[in-house]
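Generate the whole structure from the sequences, applying the supplied hints.
Protein chains in written order, with numbering that gives the first Met the number 0: chain A, 0 to 312; chain B, 0 to 452.
Hints listed in this document are in silico derivations from the structure and should not be mistaken for laboratory results. Note that this is a predicted model, so its numbers are computed, not measured. Careful, some of the hints might be misleading.
[To be verified] If we take Cβ atoms under 8 Å as the criterion, some of the chain A residues that face chain B in the derived model are:
hint : residue
1    : G55
2    : T82
3    : S149
4    : G256
[To be verified] Here are some chain A residues the structure puts well away from chain B; computed CB gaps all over 12 Å:
hint : residue
5    : A33
6    : P116
7    : V129
8    : I133
9    : F146
10   : R219
11   : Y222
12   : A294
13   : A297
Virtual Cβ for every residue (Gly too), placed ideally from N, Cα, C.
Here is what each chain is made of, one letter per residue.
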Amino acid sequence: MAADGSLAVAGSAEAVGGRPNSLQRFARRRSTIAFVMTVPLLAVIIGLVAYPALFGIYLSMLNRRMTEFVGTFNYELLIESETFWNVFFQSCFFAITAVLLKALIGFWLAHMLHHIPNNRQRKWRGMLLVPWVIPPALSTLGWWWMFDPSYSSINWLLSILSVPEVPWLGHHWWARIAIIMVNVWIGAPFFMIMYLAALKSVPEQLYEAAAIDGATSWQRLRYVTLPMMANIISITVLFSLIVTFANYDIVRVLTNGGPRDLTHVFASYAFQVGILSGNIPRGAAVSLFMFPFLAVCAFFVLRGVVRRNKEQM
Amino acid sequence: MSKHGITRRHVLRNGAGVLAATAVGAPMVHAQGTGGSLRCGFWDHWVPVGNNAIRELCAEWGQKNRVNVQVDFITSVGNQNLLTIAAQAQSRSGHDILAFPTWEPASKADLLEPVDDVMGRLIQKYGPVNAAAEYLGKIRGKWVAVPAVSGTQFKPACVRFDLLQQHAGIDIRAMWPASDTRGPGADSWNWDTFLTAAEKCHAAGHPFGLPMGSFTDAVDWVGACFASFGASVMDARGNVTVRGNAKLRQAVEYVVRLSRFLPDDVWAWDDASNNRALISGRSALIFNPPSAWAVAKRDNPQVAEKCWTVPPPSGPEGRFTPYLPYFWGIWSFSRAKPAAKALLEFLSERTSAEKQTTTSNGYDIPPFTSMSDFAVWANEGPPTGTIYNYPIKPHHNATASIAFAPAPAEFAVQAYQQGLNTKTIARIAQAGETVDQALGWLERELTNIRRGG
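Here you go:
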């Protein structure tokens, strides 16, 4: 490469038509070529990520008729709304509880699978992935039939055991539990497969060394497995947290936010306010409310990942 | 130079001349041959053959007027129609005519072509439209959409007459026969009688199936009940009227009392739950259009044979029937406004309206009070005449009601979609709050909606 960063192409322009002009030199620079090659990606990011996000922010700062710029007024109204704080609590409770449960169950399942011989592992992996593969709107509908207020099949099974009926969707705490159960059922296989991949990448020699040192199984888990899986755990949890915060279909199908708005999450409430009630700016404000918190969360998690990578290098 | 005397230049020159002549003449030929094209997005009907009437009527009108009418049917499942409306409003492009659910004309009033001329001619011909349709479709003194026939519904009471007779001693068919007369006891069909009947049927294991969630069936019947007590939560100017409102308190206390005689799970019911309660034979009464009865006719004929539709009970301020209309609107960015207006006028005429209602087995309700006498409502059965009292008839002395009227539509829609009336009841009956606490919450929510503009 030449000193100015351009590619040295032997016997090109000079050989044919003398010294290349400045445009030709600019076009041959590595930085120019790199930029040109990233243009499609930049176009996708600007068109499908940056523009919608900025447009969403802009929308959230308009009045209901979308004719006037009102700054942060929509956010101020949300902060004063009792219903919105219910939605805030429920969204946080739902996302944090569901992600923790998915992580724990996924971790446990991954360990169970890891100890099954490879030739018999495949069928278990396939079966355990089924909930994650079925479209959530469809599987949630199946769950809704099981929780149906009047004809719940789960209640029917409970009645055989003389257990009183459970108001799965009628009482707010049961409804919250039902929503979390369905989310965990759908999402745990994703954690399982990620953790299984991470477990398989832990060098066997580390366990052998730990065994020679007389480490117990808890110590092997604490000082070998977990540190080696830390990055995967962090990224999976972060990814799932964002997706779970944005969850819509489970709440929409199971409870529609009821009873008394106590099971609404940001996405379902934003839809109700924005599309159903015809207040798109306020709906946009609802959906963007968690953006700063999640951005900060993502920043710290990703910084941790980078630090650990540097330490391992 | 070609040996035949035809050069490339000649061909190009003559070809260009032909193309130019075609281009100049095309609009003229187009205008003489057809009236252009019209893109319509109608609501995809629940009743399987319900779309046929619209399709045939559009084809008939298109043929007569030499207009190519393209008809799309957009489902309301998953709120697909609302999303379509929002997308077309944002992009300022799409259909010329679109079906707008209840609150959408008010929400999109600024983007809709006024149709005062169409409504003026129709009202002159067929008399007034019902008050709720006018409240929803006439925004700031202008008709912004035409109240549609297809998709519009009332939600009167669908009663199991055998169960009501057996457990509450009320002969509902004698009270509201399939004729234009009130039978014996019709004057006593009020909310007090209703409460007593609800208690008796509940005790007998056939509770009334009245949903109390935030879906439309729940919000509509509670809204009609509130209206019959004269209870409104916001006046026409947008002032919140909750504090010190004795009529509202009376209505709230009544519905709380009534809710004790409903199934325990009504707080989680959706719009299909009450239908299932009737069809399965569990419930003695629901508020619904005839779709529940129609499904029962197919799935459980023994139940359907014992159903009878009657007006809702009356309250101190009169009788109010829940009403959920569709509208047909023309986008202001449409390029075929005259043709669109002509088609909407044609679809609203009596013969067209009757065709739509008949095709939908009586489900569709025309907005004109003079059109409550179609033969289909008298002939449908079994039992014959079961939906005779489905539309509001003059002898019902009833008013079409939409919850949260007379509040300005832009506020009412938010209160409606959030089910503030049913949630107020739920806070008392389910969460154990006092009436004052629940009304305080309601006042704060409405104030918040009002401040948002």
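The hints, checked one at a time:
no.: 1; hint: G55; result: violated (13 Å)
no.: 2; hint: T82; result: holds (7 Å)
no.: 3; hint: S149; result: holds (6 Å)
no.: 4; hint: G256; result: holds (7 Å)
no.: 5; hint: A33; result: holds (36 Å)
no.: 6; hint: P116; result: holds (45 Å)
no.: 7; hint: V129; result: holds (24 Å)
no.: 8; hint: I133; result: holds (18 Å)
no.: 9; hint: F146; result: violated (9 Å)
no.: 10; hint: R219; result: holds (47 Å)
no.: 11; hint: Y222; result: holds (48 Å)
no.: 12; hint: A294; result: holds (26 Å)
no.: 13; hint: A297; result: holds (29 Å)
Checked against the numbered hints given earlier, this structure breaks hints 1 and 9; the rest are met.
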